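Trainee: Listed below are the residues making up each chain.
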Amino acid sequence: DSGVTQTPKHLITATGQRVTLRCSPRSGDLSVYWYQQSLDQGLQFLIQYYNGEERAKGNILERFSAQQFPDLHSELNLSSLELGDSALYFCASSGLGNSYNEQFFGPGTRLTVL
Amino acid sequence: GENVEQHPSTLSVQEGDSAVIKCTYSDSASNYFPWYKQELGKGPQLIIDIRSNVGEKKDQRIAVTLNKTAKHFSLHITETQPEDSAVYFCAAINSGGGADGLTFGKGTHLIIQP
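From first to last, the protein sequence lines stand for chains A and B. Anchor point for the first sequence: position 39 equals 39 in my numbering, and the numbering is continuous, going up by one each time. Anchor point for the second sequence: position 56 equals 56 in my numbering, and the numbering is continuous, going up by one each time.
It is worth saying that the hints were derived from the structure and are not from the lab. Bear in mind that the values here come from a model prediction, so they are computed numbers and not experimental data. One or more hints might be untrue.
Simulated restraints, written as ranges between beta carbons of each label pair [said to hold, decoys possible]:
1) A:N51 - B:D27: 25 to 31 Å
2) B:H72 - A:G28: 31 to 37 Å
3) B:K58 - A:G28: 27 to 33 Å
4) A:G84 - B:E39: 35 to 41 Å
5) A:L39 - B:A29: 27 to 33 Å
6) B:D27 - A:E102: 18 to 24 Å
7) B:K71 - A:A14: 41 to 47 Å
8) B:H72 - A:G3: 44 to 50 Å
9) B:G55 - A:T13: 46 to 52 Å
10) B:R51 - A:N59: 22 to 28 Å
11) B:K42 - A:S27: 18 to 24 Å
12) A:L114 - B:N3: 31 to 37 Å
13) A:T13 - B:P8: 17 to 23 Å
Below, simulated DSSO-like cross-link-like pairs (lysine-lysine); rule was C-alpha separation at most 30 Å, straight line [unchecked claim]:
14) B:K58 - A:K9
15) A:K9 - B:K42
16) B:K22 - B:K57
17) A:K57 - B:K42
18) B:K106 - A:K57
19) A:K9 - A:K57
20) B:K22 - B:K42
21) B:K71 - B:K58
22) B:K106 - B:K57
23) B:K58 - B:K106
24) B:K22 - A:K57
25) B:K22 - B:K71
26) B:K68 - B:K22
27) B:K58 - B:K22
28) B:K106 - B:K22
29) B:K58 - B:K68
30) B:K57 - B:K42
31) B:K57 - B:K68
32) A:K57 - B:K68
33) A:K57 - B:K71
34) B:K42 - B:K106
Derived, one-sided and incomplete: chain A residues facing chain B with beta-carbon distance under 7 Å [said to hold, decoys possible]:
35) G42
36) A56
37) E102
Here a beta-carbon is modelled for each residue, glycine too, at the ideal position from N, C-alpha and C.
Whole structure, please, built from the sequences with the hints as guidance.
Mentor: This is how it looks when you write it as structure tokens:
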């Protein structure tokens with residue numbers, strides 16, 4: 001158990017809808033990362049937040065957005081969903097204190113868009 | 001941006017034999033190289049990592065080597081056991097750069113034959 005929690009575990013929705021995925025980082029970790037895992041694209045970095053502020057952006061679509069709250073949990077919002085958004089979405093967290101922050105992954109949310 | 005290539009995509013070895021997975025990266029500024037193990041239905045689990053100021057690191061049956069000149073790094077698992085069966089991902093990151101997301105290889109499905 002990495003200490004990172006994600007809810008829900010599974011999500012089934014229809015095209016055009018909007019969903020919110022939630023992540024709680026390990027206790028004390030200030031950074032939260034979101035990744036998408038699909039069969040064709042593999043594991044891809046979407047976005048990073050550090051202590052409430054956006055820190056880095058990867059291959060995140062404009063239809064997707066994220067935020068990190070004062071209690072450090074994070075939410076990933078996916079809107080105008082398309083069939084191709086079906087994937088596993090992982091959250092990872094890392095801590096302070098070193099230059100190379102090991103990232104610890106949660107169990108993921110499996111999103112199915114019908 | 002960074003590009004990570006991983007080989008082979010599938011590796012089948014007899015229990016007790018060694019397994020080697022190789023990765024190359026493109027960005028010479030990358031300075032942190034973690035390896036993750038992903039079991040079915042779970043999130044990636046960090047198993048070992050190496051930083052650019054080190055050539056080799058070992059942890060029990062697992063070792064990782066890094067050749068900065070050739071821009072490649074490898075995972076070595078000795079005395080393989082059935083529980084080593086999983087998908088393994090290598091990753092790279094320039095931790096001092098603007099983006100802090102990991103770039104992953106496509107993964108290696110390691111199968112341990114009894």
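Trainee: All hints are to be evaluated individually against the structure, with a verdict given for each.
Mentor: Right, here's what the structure says about each hint:
In this structure the supplied range 25 to 31 Å holds for N51 (chain A) paired with D27 (chain B), their Cβ-Cβ distance being about 26 Å. Range check, H72 (chain B) to G28 (chain A): Cβ separation about 34 Å, and the 31 to 37 Å hint holds. At roughly 28 Å, the beta-carbon separation of K58 (chain B) and G28 (chain A) lies within the given 27 to 33 Å, and the hint holds. The hinted window of 35 to 41 Å between G84 (chain A) and E39 (chain B) is violated, with their beta carbons roughly 26 Å apart.
The hint said 27 to 33 Å for the Cβ distance between L39 (chain A) and A29 (chain B), and at roughly 30 Å that hint holds. For D27 (chain B) paired with E102 (chain A), a C-beta distance near 19 Å keeps the hint of 18 to 24 Å intact. The supplied range of 41 to 47 Å is met by K71 (chain B) and A14 (chain A), whose beta-carbon atoms lie about 45 Å from each other. Separated by about 32 Å at the C-beta atoms, H72 (chain B) and G3 (chain A) break the suggested range of 44 to 50 Å.
One distance hint, 46 to 52 Å for the beta-carbon pair G55 (chain B) and T13 (chain A), holds here, with the actual separation near 48 Å. A beta carbon spacing of about 25 Å between R51 (chain B) and N59 (chain A) agrees with the range 22 to 28 Å that was offered as a hint. At about 21 Å, the CB distance of K42 (chain B) to S27 (chain A) agrees with the hint of 18 to 24 Å. Separated by about 33 Å at the C-beta atoms, L114 (chain A) and N3 (chain B) satisfy the suggested range of 31 to 37 Å.
Look at T13 (chain A) against P8 (chain B): about 36 Å separates their beta carbons, and that is not inside 17 to 23 Å. Restraint check: the Cα-Cα separation between K58 (chain B) and K9 (chain A) comes to about 34 Å, which exceeds 30 Å; the hinted pair is violated. Between the alpha carbons of K9 (chain A) and K42 (chain B) the distance comes to roughly 11 Å, so the proposed pair stays at or under 30 Å and holds. At most 30 Å may separate the alpha-carbon atoms for a hinted pair to count; K22 (chain B) and K57 (chain B) meet this at roughly 15 Å.
Distance hint between K57 (chain A) and K42 (chain B) is fulfilled; the C-alpha atoms sit about 25 Å from each other, no more than 30 Å. Our distance criterion of 30 Å between C-alpha atoms is met by K106 (chain B) and K57 (chain A), whose separation comes to about 20 Å. Note on K9 (chain A) and K57 (chain A): the hinted pairing holds, with a Cα-Cα distance of about 24 Å set against a maximum of 30 Å. The hinted pair formed by K22 (chain B) and K42 (chain B) meets the criterion: a straight-line CA distance of about 23 Å does not exceed 30 Å.
Pair hint K71 (chain B) plus K58 (chain B) holds up; C-alpha atoms about 19 Å apart against a cutoff of 30 Å. Proposed proximity of K106 (chain B) and K57 (chain B) is supported: the alpha carbons are some 23 Å apart, at most 30 Å. Only pairs whose Cα atoms come within 30 Å are accepted, and K58 (chain B) paired with K106 (chain B) is accepted, the gap being roughly 23 Å. This hinted pair checks out: K22 (chain B) and K57 (chain A) have alpha carbons roughly 27 Å apart, not beyond 30 Å.
Note on K22 (chain B) and K71 (chain B): the hinted pairing holds, with a Cα-Cα distance of about 11 Å set against a maximum of 30 Å. A hinted pair counts as satisfied when its Cα atoms are at most 30 Å apart, and K68 (chain B) with K22 (chain B) qualifies at roughly 14 Å. Restraint check: the Cα-Cα separation between K58 (chain B) and K22 (chain B) comes to about 16 Å, which is no more than 30 Å; the hinted pair holds. The suggested pairing of K106 (chain B) with K22 (chain B) holds, with an alpha-carbon distance near 11 Å, which does not exceed 30 Å.
Of the pairs offered as hints, the one joining K58 (chain B) and K68 (chain B) holds, with about 18 Å between alpha carbons and a cut-off of 30 Å not exceeded. Straight-line distance between C-alpha atoms of K57 (chain B) and K42 (chain B) comes to about 26 Å, which keeps the hinted pair within the 30 Å bound. Restraint check for K57 (chain B) and K68 (chain B): the C-alpha separation of about 14 Å stays at or below 30 Å, so the hint holds. With a C-alpha separation of about 26 Å, the suggested pair K57 (chain A) and K68 (chain B) falls inside the 30 Å cut-off, and the hint holds.
Proposed proximity of K57 (chain A) and K71 (chain B) is supported: the alpha carbons are some 25 Å apart, at most 30 Å. The hinted pair formed by K42 (chain B) and K106 (chain B) meets the criterion: a straight-line CA distance of about 17 Å does not exceed 30 Å. For G42 (chain A), the interface hint holds, the least distance from its beta-carbon to any beta-carbon of chain B being 5 Å, beneath 7 Å. Here the hint on A56 (chain A) is kept, as its CB sits about 4 Å from the closest CB of chain B, short of 7 Å.
About 6 Å separates the beta-carbon of E102 (chain A) from the nearest beta-carbon of chain B, less than 7 Å, and the hint is met.
Violated hints, listed in ascending order, are 4, 8, 13 and 14; each of the other numbered hints is respected by the structure.
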